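**Student:** So you can see what is in the structure, the chains are spelled out below.
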Amino acid sequence: DAGITQSPRHKVTETGTPVTLRCHQTENHRYMYWYRQDPGHGLRLIHYSYGVKDTDKGEVSDGYSVSRSKTEDFLLTLESATSSQTSVYFCAIGTTTYEQYFGPGTRLTVT
Amino acid sequence: ILNVEQSPQSLHVQEGDSTNFTCSFPSSNFYALHWYRWETAKSPEALFVMTLNGDEKKKGRISATLNTKEGYSYLYIKGSQPEDSATYLCASPGSGAGSYQLTFGKGTKLSVIP
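Listed in order, the protein sequences are those of chains A and B. Quick note: the first sequence uses my numbering, first residue 1, plus one each step. Quick note: the second sequence uses my numbering, first residue 1, plus one each step.
In short, the hints are calculated from the structure, not lab data. Please read these numbers as outputs of a predicted model, since none were measured by experiment. Here a beta-carbon is modelled for each residue, glycine too, at the ideal position from N, C-alpha and C. Worth double-checking, as some hints may not be accurate.
As the list claims (entries may be wrong) - Derived CB-CB ranges, DEER-like: (1) 9/A <-> 56/B: 35 to 41 Å; (2) 17/B <-> 56/A: 39 to 45 Å; (3) 74/B <-> 14/A: 45 to 51 Å; (4) 40/A <-> 60/B: 27 to 33 Å.
Isolated chain A, as found in the complex (with noise of 0.2 Å):
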């Protein structure tokens, strides 16, 4: 058990509302990273963070936005949620050596 929990686990939205999915770490790792998972796609990068207030965009980032204002909780914003950003998403904690431990996800639906 890496400590990693995802907040809400699930959530239905409407379209054009705005979302945030919580990424919460108990390791004090420095590296936290957010991926959508499709069908056909695996999985995908959408930001990733390598420190307090440090983020960048990952392969998939259009339409998303992230925060970390401290070292364990890693902000996933949706601004205006559309269709196609419904998916399961995962938080991944990384170290040094590469590996990364991920959370239990949460399945966002637009509708």
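Given chain A, work out where chain B should sit, using these hints.
**Tutor:** Below, chain B alone, put in the same frame as chain A:
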């Protein structure tokens, strides 16, 4: 973006059969190759981290080999059991050491038929 490819995309085997699948990755600037096991409705779990050419790792009935010169890794499952049914992902860091991101393949979905 690093190109990590897995084959086959899916595989159905009978209980007791042995099976294997492939992960291919760029051989230049190689740093590490990761294998994950991902059961339906759960999160990916790390199986192996492989760094040296010729490396072989084993966990129970699952083993993996690594060829960094030609850019591939094989995952083997001996005597498949229904509980081995999962998607197996491989991943490699981008841009060599210093970039702590992983690029994942799309996975091989294994179904073991009782």
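**Student:** Give a verdict on every hint.
**Tutor:** Each hint, compared with the structure:
no., hint, result
1, 9/A <-> 56/B: 35 to 41 Å, "holds (38 Å)"
2, 17/B <-> 56/A: 39 to 45 Å, "holds (44 Å)"
3, 74/B <-> 14/A: 45 to 51 Å, "holds (46 Å)"
4, 40/A <-> 60/B: 27 to 33 Å, "holds (30 Å)"
Hint compliance for this structure: every hint is met.
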